[in-house]
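2 protein chains.
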Amino acid sequence: MKKQESFQNIFEKVFALITPGEEEQRELREMADLLVERINAFKPQYQVRGMLVGSAARNTWISGEHDIDVFILFSENTERRELEEMGLNIARAVLADAEEIEERYAEHPYLHGRMKGYEIDIVPCYNIKDPHRIKSAVDRTPHHNQFIQQHINSLEGDVRLAKQFLKTAGIYGSELRTQGFSGYLTELLIIHHGSFLNLLRAASDWKPPVTIDIQQHAACTHDAPLIVIDPVDPRRNVASVLSLDNLCRFIDAARSFLEQPDMEYFIKPTQTHPSLQEIMEILSKRGTALSGISFSRPNIVEDDLYPQLEKMRDSLLKLLDANDFRVVNSGYLVLETQAYLVFELFEAVLPGVRKHTGPPAWARKHAEKFKAKYAAHPESLSCIYIEDGRYHIDLLRRHTTPESLLQREILKCGLGKHIAQSIREHGFNILPHQELLRVEHPEFQVFLYNLLVRKQPS
Amino acid sequence: MKKQESFQNIFEKVFALITPGEEEQRELREMADLLVERINAFKPQYQVRGMLVGSAARNTWISGEHDIDVFILFSENTERRELEEMGLNIARAVLADAEEIEERYAEHPYLHGRMKGYEIDIVPCYNIKDPHRIKSAVDRTPHHNQFIQQHINSLEGDVRLAKQFLKTAGIYGSELRTQGFSGYLTELLIIHHGSFLNLLRAASDWKPPVTIDIQQHAACTHDAPLIVIDPVDPRRNVASVLSLDNLCRFIDAARSFLEQPDMEYFIKPTQTHPSLQEIMEILSKRGTALSGISFSRPNIVEDDLYPQLEKMRDSLLKLLDANDFRVVNSGYLVLETQAYLVFELFEAVLPGVRKHTGPPAWARKHAEKFKAKYAAHPESLSCIYIEDGRYHIDLLRRHTTPESLLQREILKCGLGKHIAQSIREHGFNILPHQELLRVEHPEFQVFLYNLLVRKQPS
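Protein sequences appear in the order of chains A and B.
So for the first sequence, this note's numbering puts the first residue at 1; every next one is plus one.
So for the second sequence, this note's numbering puts the first residue at 1; every next one is plus one.
Isolated chain A, as found in the complex (with noise of 0.2 Å):
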């Protein structure tokens, strides 16, 4: 009883921090007429009408937050060269007074922009009756819209919290940076255990795969650790991006919460700049050694970027490993110009030995190359002996720190197209303990501190 009287003391409090203003709520709805009507002016000449979509549309968006999606609903016979030019055309002209404007782009070619404090997307689309008929990823948008309206049942309230839960946890976000729950997402799974405090018990309990179909319509199989089944779409999992970890660290919010309630859960903590002086301090307790690269970050967008850096980090994790070195955790960081990639190592060098296993002595061809080959290898450090049935030699190890391995070898790893292409145009910079010390952008400081305690940046 005391808790649940807490539950609603809290969610109170964090009403009053992230329910739009009656003020706030009317002017973006006059923003979003606008530019609805804007586009409503070009049906008599091309057929076609705009639509709120998004959190705009079903209020369930969070007070500060003033992104606007509206979508251009082309009818479904118009070709699709005529949809991308005068999908672009109309929405140059819905934008005509923005303050900036930027081509943007999905399947199809669309337009961000920013006016008077709106970041508002204009995004063209085939208007089909039918889901399962789309020609293209956003053609769903609308169906999800209608969806959301028809179900939300009076739930904008605990939406907006299990939004502002998972966005202080860090995982709310379904960019392939940050592979966590998108927002619809999130309205999905409101709507499906019906209010934020039953989601969170149901969270409580889950044990990955967890699958949710509203509509019990599934079409196929997916392997995921979270499969919500999309209403609109029977063989799409709405949760396709969330990774293991961040359900994982839901399930842990969700139980820690409702264990402990505390405001903590909705207010994202003001990062304090750690001092180098911290961040050596910490080191000198862990005695790990740091080795890092970085290099222009290619001109791609974050979509694009992230899994190539994944890529990256997984290829050097199986270099250094494959070379004896032990890495206790590893990060990236993009900045403006720059992308870093740090390693924390159990040892900034190795002995100057390595251990290389031969054929079994019974494979005689092969015995014979390799006696041949190491009889009186200039490299040697031992004899040749037999272990486990084995040939062996210990022989003199290239590289004894990581820095003089990924000099060598980082070209010969997976890198991702546009991280191998700027890697080759621009160079590279190895970072070895000291110099990453000595990096002294903030952002990266603050990167360096949670790497080191294994913080999730929130």
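Don't read these hints as lab results, they were simulated from the structure.
Treat the hints with caution; some may be incorrect.
Any copy will do: because identical chains look the same in the list, a pair fits if it lies in one copy or spans two.
[Claimed, not checked] In silico BS3-like links for lysine-lysine, alpha-carbon gap of 30 Å or less:
#1 Lys373 with Lys455
#2 Lys412 with Lys373
#3 Lys135 with Lys365
#4 Lys355 with Lys455
#5 Lys318 with Lys43
#6 Lys318 with Lys355
#7 Lys285 with Lys373
#8 Lys285 with Lys318
#9 Lys355 with Lys311
#10 Lys455 with Lys43
#11 Lys207 with Lys365
#12 Lys285 with Lys371
#13 Lys285 with Lys412
#14 Lys135 with Lys371
#15 Lys167 with Lys207
#16 Lys373 with Lys3
#17 Lys268 with Lys207
#18 Lys285 with Lys129
#19 Lys43 with Lys371
#20 Lys207 with Lys43
#21 Lys13 with Lys268
#22 Lys369 with Lys3
#23 Lys13 with Lys371
We have chain A already, so just place chain B on it with the hints.
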């Protein structure tokens, strides 16, 4: 053809070194006859008879070896107690004029004595016609003797070559310390293959497991790299003690000798005593750290001691591994009163941090316990974090040096009965790198040198 000559040349030279001269043979035969006669003198009283067995009986001994094994054969219906008592009494009378005698134990007690430069074993056993009905392992020996004498077919010289070859490779002897080829096994291999050269040629193509069953009468299966069914016991593998690595060393040596025949395969190199300077130079190239333990040598026979040393080494390797220490190589040495166990490690000191893995995030009860325990743990060096679906926390490492770990944990490890007893009663010394270099015993320095350059002691 040239190689064939070369083999013959070498064998002639080896024969000159290892074949006992006429004088040497006559003297040994006289001593053996004397011992057998002395036993036969007890025939009227106890229905016993003496029998010369082993390499002396089969004329497969190597010049300079003065081992004589004489068995006292008791009638099958003698009581076991009687056999043991009378056996020892007779043996004492036989060895009355020995310079030194010692009671030893196999399945029965027996007497070992040194007399006029000969090492003599006088062993009581049952005289059992049918080897399938033997009462103890030693009862098989007279049958082995008979089989070899009936089948040796003038191959004594080849047996001597094989023994000398195996000795030089450090793999002759079926004691648990060596885990090599016994004399009987060597004789059987020569009988089976018809000559030393044929044995080498066959071994060059061996792929373990290798099975040899001269009498084609195997009565059960064996899990061993080399299986040589005892011609006098279809259930017994004569090569059961031989380790995989020693079998591989034989395969390797056989191939190498056939490829490039040389006297070096028959003459043990005189082990030069490495200087401390040499050891330190190798260590500095290898860049590794040494750590060791010494303790009082338990007063037990080698066949009991070496398996315990092996067990101790295995336990401590597991302990080191579980605590993140990486061992490059390890070895033990038994001196007069002390035993040593030495590890060559990747590093002398580990970083202060260790990663502690907790339960999966979805194992609610375990998760709650883990979080309660580590929420504000005094040894934590990080937040509690989630990785691969599991809780983790970085904690202060308890033991950053192998010395601290071994000092604290050795008595909790499986050490073998007598070693554990020795350590509990007399304690143990932890020997860090520098102290190991200060051990002045010349045998210890040879051991350390061989450990580092991975030289198989011969």
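Now the hints, each set against the structure:
{"no.": "1", "hint": "Lys373 with Lys455", "verdict": "between (49 Å within a copy, 19 Å between copies)"}
{"no.": "2", "hint": "Lys412 with Lys373", "verdict": "within (25 Å within a copy, 45 Å between copies)"}
{"no.": "3", "hint": "Lys135 with Lys365", "verdict": "neither (60 Å within a copy, 47 Å between copies)"}
{"no.": "4", "hint": "Lys355 with Lys455", "verdict": "between (37 Å within a copy, 14 Å between copies)"}
{"no.": "5", "hint": "Lys318 with Lys43", "verdict": "neither (57 Å within a copy, 77 Å between copies)"}
{"no.": "6", "hint": "Lys318 with Lys355", "verdict": "both (18 Å within a copy, 19 Å between copies)"}
{"no.": "7", "hint": "Lys285 with Lys373", "verdict": "between (45 Å within a copy, 21 Å between copies)"}
{"no.": "8", "hint": "Lys285 with Lys318", "verdict": "both (27 Å within a copy, 26 Å between copies)"}
{"no.": "9", "hint": "Lys355 with Lys311", "verdict": "both (28 Å within a copy, 24 Å between copies)"}
{"no.": "10", "hint": "Lys455 with Lys43", "verdict": "neither (52 Å within a copy, 89 Å between copies)"}
{"no.": "11", "hint": "Lys207 with Lys365", "verdict": "between (52 Å within a copy, 13 Å between copies)"}
{"no.": "12", "hint": "Lys285 with Lys371", "verdict": "between (46 Å within a copy, 22 Å between copies)"}
{"no.": "13", "hint": "Lys285 with Lys412", "verdict": "between (35 Å within a copy, 28 Å between copies)"}
{"no.": "14", "hint": "Lys135 with Lys371", "verdict": "neither (63 Å within a copy, 48 Å between copies)"}
{"no.": "15", "hint": "Lys167 with Lys207", "verdict": "within (22 Å within a copy, 62 Å between copies)"}
{"no.": "16", "hint": "Lys373 with Lys3", "verdict": "between (74 Å within a copy, 23 Å between copies)"}
{"no.": "17", "hint": "Lys268 with Lys207", "verdict": "within (27 Å within a copy, 66 Å between copies)"}
{"no.": "18", "hint": "Lys285 with Lys129", "verdict": "neither (62 Å within a copy, 75 Å between copies)"}
{"no.": "19", "hint": "Lys43 with Lys371", "verdict": "neither (82 Å within a copy, 59 Å between copies)"}
{"no.": "20", "hint": "Lys207 with Lys43", "verdict": "neither (50 Å within a copy, 83 Å between copies)"}
{"no.": "21", "hint": "Lys13 with Lys268", "verdict": "within (15 Å within a copy, 87 Å between copies)"}
{"no.": "22", "hint": "Lys369 with Lys3", "verdict": "between (74 Å within a copy, 21 Å between copies)"}
{"no.": "23", "hint": "Lys13 with Lys371", "verdict": "between (76 Å within a copy, 27 Å between copies)"}
Consistency with the previously given hints fails for numbers 3, 5, 10, 14, 18, 19 and 20, ordered from lowest to highest.
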